[in-house]
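Protein chains in written order, with numbering that gives the first Met the number 0: chain V, 0 to 336; chain D, 0 to 155.
Among the clues, some could well be false.
Unchecked claim - Computed list of lysine to aspartate or glutamate pairs in EDC-like fashion (alpha-carbon distance at most 16 Å, straight line):
#1 128(D) with 73(V)
#2 44(D) with 83(D)
#3 126(D) with 37(V)
#4 126(D) with 36(V)
#5 128(D) with 46(D)
#6 60(D) with 83(D)
#7 128(D) with 75(V)
#8 120(D) with 73(V)
#9 142(D) with 73(V)
#10 120(D) with 37(V)
#11 64(D) with 77(D)
#12 142(D) with 36(V)
#13 120(D) with 75(V)
#14 64(D) with 46(D)
Since the hints were derived computationally from the structure, they do not count as laboratory data.
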Amino acid sequence: MSSRLMLLLGFTALLAPGAEVTKAKAPPPPAPPAEEEDQADPMLASGSPMYPWTDNQRRVVHHWFLPGATSLPEGDWYYRISHVARDGYDREPRTNLFGLDDNVKMGLTLGWSPIKAVTVTVQRINGRDLAVEDVDGGKVQYDTFDVLAKFQLLDQRGVRGWRKGPCDLSLIAGQSLMFRNHGNGDGSLNLGVIAERDVMEDRLRLGVGLVRAGLSAYDGAIGHGAGDKLMPDEQDYLSAQGAPYQPAELATMSIPLTARLAIAEHWCLLGEAIIPVQGWKTEGGPSLATGFAYNTNTHEFAFILTNTANAAFNSVITGGSKVGSLPFFAFSITAYL
Amino acid sequence: MRSLLALAFCLCEPFALAADPVLVFDLTMVEGSGDAPMIVAWVEKTDGTFVRSLHMFNKDKKYYKEMLTWASSREGRETEKELDAVVGPTPAWGSHQVVRVPVPGILEEGMVLRIEQRKDKGGHYKKRKLPLSPDWPGATLTKEGYLANLMITVER
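Go ahead and model the full structure; you've got the sequences and the hints to work with.
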């Protein structure tokens, strides 16, 4: 009897307050507000919904040909290497690796945002042989430096631009400076306005704009030929040689169109067209580029097929080399720092 | 004999079931884009003296120095081995994660629970302080930084 009583006491001890039966508890009380203001995330603070690809879609400072409508975050840097073959990939693929082995046009770009909504970029594009008499036994060439400033007036989310608006909207102004290895050079005053908007839960980013180069250029691919736009110092020389062609106009105005479709968080399809509407043009239709890109949140790797082997602002807006054909392979590597 | 055994069981039972308190972090992340943020929780004294890290929600050590408040607080006061013991995976955007952290000797007067959150090219939330006590009931943080919801409960 006493042993049964002790056993009963033992079981009773198990039910004592020191060992509670598990039961549903009320959630802990809400914490008081934090003592001071933190450095809030501007995208989070904007209240805009975000999707896995939103950051990668909004980061595009420069499309394949022309600047985009978005600016870098204040204080950030950006660099890009672009590489386009001047020989078509369908010519001797066994010996020139789809046109990448030689005769390429390369662009090296550095960008910086000194203050909010402003981005300054400098791009250097390698040389073009001018059709003029050789100097000191060597060809006369020029490299081009695109120096552009972008001011983002509007931001669809009110984060990077000067004001919030229905789309991203930027004004662009700068110069394409063509420096000769013998002699001085020429410059083109470049102006533009670009608008872009994200739709379909940020999957699709569409852009349209209007750009103008005061002294447009065109460096023909697949060899320097009559389709090239003659620069001022070429015209007198070729006239003296009896060449019949002289461009009637110096400037070009064009409408750029862009589209980026995010097919996954890190992958997107790219499309860009620049339609010359006034001034000099190649008569080869719009400049076209299409391809895909892979984004790592800090870098973008893009692979492009295009119909113009140019890279400078004032030479990509003049049109393509051939209607209905994308004969040139290109790629770019972009880093956001 | 049997009665003695039963009595011994009754007397020992409260001591056998005593255990260290455990903080349970039940967190849900906001929906976002880009790199997921880093989050770290640690305890310090009210005068700012670092006590110990409770949990680091990120395994990439090269970015630990970006958590400026926590990194400067723990410098010279915690070994890498002690930190490695409380490291866990980065919670993805929109995900839910529960972490249990034993906290012997932490739920005392004069102790403060700190939480720091930071995202690359994003926000930096470092001001959250929760004073602790032996009978601390826990806390709920709602829509704070990158945390859609964080419920901290105490299991004793």
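If you test the structure against every hint from before, which numbers come out violated?
Those not satisfied are hints 1, 2, 7, 9, 14.
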